[in-house]
Amino acid sequence: MTKPSVTQTTNSWPHNALLSLVLLVGALHPLALQADESATNVAEKNARCLRCHGMETLRYQELATGKMRDFHVDAHKFSQSNHGQQGCVTCHKGDFAALPHRPENTDQYHSCADCHTGEKVLQRMRLVGITAQYKKSVHVQRGVSGFDCFSCHNPHESRLEEIKTPEGNIVDRDNDVCLKCHGTRESAEEKHRIIPKAPLHLKEVRCLECHTPRPGSVIHAIEPAARAERTCEACHSRDSILLTKLYKYRLHESERRTGFINGVVLSDFYVIGMTRHPLLDALGILGMGGAFVGVMFHGIGRWLAARRRQNHET
Amino acid sequence: MNAGDKITQTRKRKTYLIWLVAIGVLAWVGKSWLYPLFFEQYTGVVNAPLTYESSKTLNAQEINKTADELTLPYRAKRSQEMVPGEGNTFIERLRRERVMDLKSVRDGSPYPHITYFRRAGINRYEGPATCLKCHASMHVTTAKGEITKVNTLEDIVDTVHFRFQKNSRGFSTFGFDGREVNGEEALMNIPMGKIDRACGIPGSFSWTGWAELVKSKPEAANGDIVIRSEGCGQCHIGGNYHPATEKMMPIGDVPETAKQGVDCLICHADVYDMNQRVVKADEHGRRWDQDRSLRSAMTVGKPKVDSCLNCHQHNLGGDAFEGNKSAKNLGHINERFTHDGAKRATPFSPATDVHSAAGMNCLDCHVPEGHKIPRGLHGVDLVANDLPKKPVSCEGCHTASPHVRDVKNRAILNGHVARLACETCHIKELADYNVVLRDWVYPIWNKKEGVYSYVDVYQSGKPGKGMTYLWFNGNGTFLANALGDNPTGDSRYNPLMNQLVKIDDPEVLAAIRGVAEQLKQTYPEINVDEYVREAANPLSHFTPEQIEQRRQWVEEKIRPLMKKGISRITPFKLFNARMYEDMSNQGLFGAMILPFDYASYYETGDPLQSVKVAIQHPIVRRMYETPFKLYMMDSFMTYFGVKTWSGEYPLTEKGELKNVEKHWMRQMASLMINHGIQRDGRVCRDCHAEKGVIDFDKLGYTPERAKELRHLPELENVAKP
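These protein sequence lines are chains F and Z, in that order.
Each number in our numbering comes from the position in the first sequence (counting from 1) with 3 added on.
Each number in our numbering comes from the position in the second sequence (counting from 1) with 845 added on.
Among the hints, erroneous ones may be present.
Below are the DSS-like pairs computed for lysine-lysine, each with C-alpha atoms no more than 27 Å apart in a straight line [unchecked claim]:
(1) Lys1552(Z) to Lys48(F)
(2) Lys922(Z) to Lys851(Z)
(3) Lys1170(Z) to Lys80(F)
Computed list of chain F residues with no C-beta within reach of chain Z, every gap over 12 Å [what the hints assert, rightly or not]:
(4) Thr60
(5) Gln64
(6) His104
(7) Leu283
Computed footprint of chain Z on chain F, listed as stretches where at least three residues anywhere in the stretch have a Cβ under 8 Å from a Cβ of chain Z [unchecked claim]:
(8) 46–58
(9) 178–186
Treat the hints as calculated values from the structure; they're not laboratory data.
Every residue, glycine too, gets a C-beta built ideally from N, C-alpha and C.
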């Protein structure tokens, strides 16, 4: 069994920056009751729970439905998550002495909005907007039973994205969330045959890009399949919706750090049809045109030379 | 260019062509005629056309009678179903007899080959030749679902069941030098498998102990000599004068006559007479006989459980297992020996294995591709694997979260799956005749069998005694030690320096002492204390420097292998043997063991004489010569943890053994156990207790953690299942 450790940190600066951010959030937190408790204390208390819940395979398949219930908490990921400084029992209320725990105790847990209160926090976390979007989402509209924030967001692992996290990882992670319920990658590819190169799209973009309303910033309002984005130009154009979705955070960050123009020019994402720099476009066209003209002149030259030689021989 | 030049050029071309054809013809003659002749001359192996007494022609009447007999149980059952009891026994009998003879009932009976043989006019079974009349080729479905057509005979001849070795990649075994056997780093692939690996359980090699006839004087025969059969060939499907030795070479193939020795029926016949499996001697040599009766052939079909168990119950349950059917049919003449101590002592039978009780077929888990049968991804024992990439695992059916019904404990039981192999809880112990220590050096007279026999110094199936728990990542060392490491630990876990080289259980030590004292009555030179020390600590003759060297070697070369992959606590059967060793080829993990010649060992009880006879076998002599040294022995020894093969033949010209010593292998072997699965596994307190079956300290947990694991605070609150 892995002993949970909060002292395990990496040395990369964005990570440390993030950790400070997390700690800052923790300090501002209205429920920051544990703020005075040292991190070690919390870890020690949590260790009791993690003795069992740290087991990677602590899970079972429900007899009646065959649904897998997973009780594993990755101690390392938890310690690195935004909630990593919280005690388990901060959110999980009840009497856990009995083993296995009684259902009336395990069903009691806080939801996001129970803790994340107060106007400033709400504003910063955009919880009001998110709640409004969420209520419009197909999961709520269709009344999927047992659906809540935690169906998609694992509170034991969720954290603000590191700035340098590659989009690929974000895409994989986010799509895995959808695929937890919506079949497998293979079946998803099958369902999306309408898109050319479906496997590539499923690898490179998130389900959310097409399955939420355009434009951007409303990724919690997941729409039914019938209303999914079906026009290629939505992404493959200058005003690509990806800029308001997948690349939004990256774009904002690079703008903040390097200024608008640099941020845009130096960004390393590439989408066909979404080239962001007119100069590059012009250079590209010039290059192609130049090559064409060159080939033409060369051809004409050879043709003329051949004709002259023929005349000479006869 | 003038005319003369042209003629010269044409002549030149002609000469080239003639040379080319000549070389081609020479190569063909060489490969097909000269090489086999040379090979037989060089290795001393014999090939000759094979005949079998049981292969007899039956006339129409005999065929009908046999068919009636074979289908009788089915037809009787059917008539019982069709004719309900009326109370009048005579009429009932009459009606049932008529029903048994009805065409539809006969047509519905099993063994369709009875009809096929009639139609094809087959009235004698002549081995593969008969089968291949219809089954010359077959379709093989791969794991991916692709179907390919293969030559049936070549398919079977290429399997491990026939050749007993593979010289390709696919071993989950690593040499003590840290390299995977025949892996990427291997300079040259060598043939490895049952044919040539060292093992102290049988005490011999497949060449020196292939098909032996032993003169025994059993008590029951009142001093008369009774001839008995013994040897490795009894379980192997090639009925030849030697194992498929030709397949060990990079060129050449076993001759057609040897291929005709394949025993199709031992796997495919429902009714196979194991009494025919005895050694026969003829003018060419000795070989194992087969049941080649038409009666047996009439019952062919897909292999059933009993087909596999004809041979494999020997290593699963052992000869001592009451339900071992082969051990009850030892031969009409030249009876086979049975062996007391069992290799695994995990019988596959309805009473002892949950899958057997469920009526499952071996091939349900070991799903074959043609004649190739997978043995799973894990293995420690250097047995070759026909399908090394094909899993055979509990998870395949039971998923990685197998505990479903025990509503209260299912989550925590599944939680253990990350750290424990299924077998850890579901094989609680082995049968008590599981052999742990076998001493070949001090044979004793076995009155019942009438031969001198090795001594099983210790047998037990109990955890901590005959079996133990080790971390296992699926791989093993060259001498069958499980590789794996405690995932939370430092370098504390070290079986090659601790539990596999030390016996410290007082009960086991007392048992060894008891045997030593008994042996002393026959062999007064035995020093009992020394005997116990050597058996309980196979490194006892090492100097402190050697021990330190070994410790460093383990850290440097073996530890990285232990840390590979995911390790889980897995049960292993323990085994060690004392044999004679060729000390010219010695390393920190063992020396080359020397085989015994069964006949002289059993008859004279002189193990040294028996070694002398065995190593004079031509192929053992060749092993000590340069071609074999370069071809495989040098590589073999590097895996063994020895720099090179010395090539020093351990027998002087005067016939004295040279540089040969008796030793226990330097560490106990740990053999995988996977059968004899019990439905109800162990419960928490079997392990999490002061004297639990698992020794957490030896598994490399810190003393604090080990203590905690013995006294889990949670255990007080756990619901009773």
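Hint check:
| no. | hint | in the structure |
| --- | --- | --- |
| 1 | Lys1552(Z) to Lys48(F) | holds (20 Å) |
| 2 | Lys922(Z) to Lys851(Z) | violated (87 Å) |
| 3 | Lys1170(Z) to Lys80(F) | violated (56 Å) |
| 4 | Thr60 | violated (4 Å) |
| 5 | Gln64 | violated (6 Å) |
| 6 | His104 | violated (10 Å) |
| 7 | Leu283 | holds (45 Å) |
| 8 | 46–58 | holds (count 3) |
| 9 | 178–186 | violated (count 0) |
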